[in-house]
Amino acid sequence: MSDFIFANCLLIDDNPVDRFVNQRLLAHHRVAQNITEIGGGKEALDYLQDCLLGTHPMPDLILLDLMMPEMDGFEFLRHYNLWVSKTEKAPKLFMVSSTEDDRDLKRARENTHIIRLLRKPLIPEILIGYLA
Amino acid sequence: MTPRNAPKNIKVLYLDDEKNNLRSFKAAFRRDYQVFTAGNTEDAFSIIKAHKPHVIFSDQRMPVTTGVEFFNAVRQVFPDPVRILITGFTDVNDIIDAINKGHVYRYITKPWSEAEIKVAIENAFDLYHTRLQLKEKVADLEKTNNELNRFVYSVSHDLRSPIASVLGLVKVSKLEVKDQVAQELFEKVDDSVHKLDMLVNNIIDYYKNSKAGEDISKIDFNHLVEDVKNHLHSGETENAFRLNSKVDQKASFYGDYFRLRVVLSHLVANAIKFKKPDQEMAVIELSFSIDEEKASITVQDHGIGILQDHIEQIFKMFFRGKEDLAGSGLGLYIVKEALAKMGGKIDVESSPNKGAEFSIELPNLSPAEDE
Chain A
1 MSDFIFANCL LIDDNPVDRF VNQRLLAHHR VAQNITEIGG GKEALDYLQD CLLGTHPMPD
61 LILLDLMMPE MDGFEFLRHY NLWVSKTEKA PKLFMVSSTE DDRDLKRARE NTHIIRLLRK
121 PLIPEILIGY LA
Chain B
133 MTPRNAPKNI KVLYLDDEKN NLRSFKAAFR RDYQVFTAGN TEDAFSIIKA HKPHVIFSDQ
193 RMPVTTGVEF FNAVRQVFPD PVRILITGFT DVNDIIDAIN KGHVYRYITK PWSEAEIKVA
253 IENAFDLYHT RLQLKEKVAD LEKTNNELNR FVYSVSHDLR SPIASVLGLV KVSKLEVKDQ
313 VAQELFEKVD DSVHKLDMLV NNIIDYYKNS KAGEDISKID FNHLVEDVKN HLHSGETENA
373 FRLNSKVDQK ASFYGDYFRL RVVLSHLVAN AIKFKKPDQE MAVIELSFSI DEEKASITVQ
433 DHGIGILQDH IEQIFKMFFR GKEDLAGSGL GLYIVKEALA KMGGKIDVES SPNKGAEFSI
493 ELPNLSPAED E
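Same order as they appear, the protein sequences are chains A and B. The first sequence: position 131 = 131 (the working numbering), numbered continuously. When you read off a place in the second sequence, starting at 1, and then add 132, the result is the number in the working numbering.
Where hints are given, some of them may not hold.
DSSO-like mimics (lysine-lysine), calculated; alpha carbons at most 30 angstroms apart, straight line [said to hold, decoys possible]:
no. : chain 1 : residue 1 : chain 2 : residue 2
1   : B       : 426       : B       : 361
2   : B       : 426       : A       : 106
3   : A       : 92        : B       : 426
4   : A       : 106       : B       : 468
It is worth saying that the hints were derived from the structure and are not from the lab. Values in this document were obtained by computation on a predicted structure and should not be read as measured data.
Given these sequences and hints, build the entire structure.
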């Protein structure tokens, strides 16, 4: 057994710097062994479809950015809803954002797929705290 | 805008039930002004609607309505024209009443002289003109002010994203580059960017507080404490702290969730920032006591406390206590402003080295009649 909390994690964020930062932080804190980075909501949905077909391993953890061009985090979650109904075990999903808008906080709390909305920069200790 | 010194462009309406008066008025002033006359209020209203006169004269004594009544009706629909009453001496009480209530600008007694009316028209037009300019200026200022606020807000909002990226990069650098000198430099970069982040956040909070309307909802205090913790800046959460909260709830509480969250975030951030240098971690006691009337909230720390000289000043904009620890000087100012919007109040008790205790009282805005 490895000492990682999860085997597979999916990072969905259009900003490569933030993806890099989160990938490093998760690796350093041994949150996930394999971390896959994806630059947008649409691509992420395609990737998740492939997971159902067995092309990729199922993610155990998803970090989802809120503000992304084309398809933002909340829109992604509307499609994700259908996908998740076809899975045996839903991944743990957190939204991460630099938003200061309280309406986003409220929407995130009301969305049943989101465990928490976490502020950027990510504080891995807080994330781990919510996993316990 | 109508140019001054162009008397022909001044539009005057005269309402009187006596045809002779109308005729002589028109004859006297038609060369100097654009004169309209009406023998009854219906005609007067259609003229006002069609021609938008600047100045309106009306006789007080008319068979159906009095001049004062007419002006009162005009005022509701067309507030801009300046209203002047023409009257005999016998109506003094009516006139005083009308002027006091703002229905008319002034009155002229019968029999009027041409010179008197002319002066009245010129003055009234001046007033009309000044009011119009003032209105335009106010609209202008409101627009600029709104644009400026929106600009500051959207800039601040957009700034947060790259700031968060830099903070993240510094964090990764600290973990991965172990060189001593590099570590010290990262620390300094971290401090500076955190200050920037805090300032940007304060600007956003300040804007949101001044702008947002009241949004009253039922408050779950455990959610609130969670959100307060989650909203602290990483610079603050990296310093170890413990937040103990105690909720004693005797009734449902309705209030402005966002503003309350802002108030508590700033007070908790403050408590963390001003811990004693030898303290291992900041310990903050948060207590809520809620009844049907109000919520009493205290935020207590065991930090360095506040100097007696400073207590009066900490809620002022841009006041900064300790230079080496100081933030933007906006935090407690925002607290005070947000509380003012909620109809709450705040008190502070403190002595140096004993910590500080902020006490807040907020009215419970429960919709009692709905239940």
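Hints versus structure:
no.	hint	verdict
1	B/426 / B/361	24 angstroms, holds
2	B/426 / A/106	24 angstroms, holds
3	A/92 / B/426	39 angstroms, violated
4	A/106 / B/468	24 angstroms, holds
Of the numbered hints stated above, the single one contradicted by the structure is hint 3.
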